[in-house]
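Enquirer: As a plain string of letters, each chain reads:
2 protein chains.
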Amino acid sequence: MTTYHVQIKVMPLKDLLDPQGKAVLGGLHNLGLNGISDVRIGKHITLQIEAESELSAKTKAEEACKKLLANPVMEFYEIEMVQG
Amino acid sequence: MTTYHVQIKVMPLKDLLDPQGKAVLGGLHNLGLNGISDVRIGKHITLQIEAESELSAKTKAEEACKKLLANPVMEFYEIEMVQG
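Protein chains in written order, with the working numbering: chain B, 2 to 85; chain L, 2 to 85.
Quick caveat, the hints were computed from the structure, so don't treat them as lab data. On a predicted model such as this, the values are computed, not experimentally measured, just so you know. Don't take every hint at face value.
Which copy is meant is left open, so a pair is good if it fits within one copy or across any two.
Only pairs whose alpha carbons sit at most 30 Å apart, straight line, appear in this in silico DSSO-like list of lysine-lysine [said to hold, decoys possible]: (1) Lys-67 x Lys-44; (2) Lys-59 x Lys-23; (3) Lys-44 x Lys-15.
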């Protein structure tokens, strides 16, 4: 069994409004930071998975995303396996 | 002026307890997903910065992190510039 480090990014779907991102964009402008646009905010999740192969670890991560971490109606996710 | 796509990861510091991560880990185990450990949850932020150079865009992103996006007492951040 090997331990795999997994990074998961869960972001609001591109077609949906992201009110949190809009609020942060307003905050950045109020702080005098210009030239910034299109702020979107999602979740970043790191976890460790013990599995027999990278493929099996990735399948487990997919399952975790589908069952708990991401809501497919509003979010998409990307899984990245990190060497370690 | 070029538009740079920036990805920012804001995570709880390694030495701090992450109660949200602990709760998610419990949820995953309850769902029957075993072999997963050390779940940590942070924010993932994407934004576009219009700047004259990649360096200037990165400086702006650093400033945004320090002033608004990350709380250095509890979080660290990583900035990644994406081609495009």
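Enquirer: Give a verdict on every hint.
Expert: Hints, one by one, checked against the model:
1. Lys-67 x Lys-44: Close inside one copy (15 Å) and across copies (19 Å); limit 30 Å.
2. Lys-59 x Lys-23: between (33 Å within a copy, 21 Å between copies)
3. Lys-44 x Lys-15: Classified as both; 15 Å inside a copy, 17 Å across copies.
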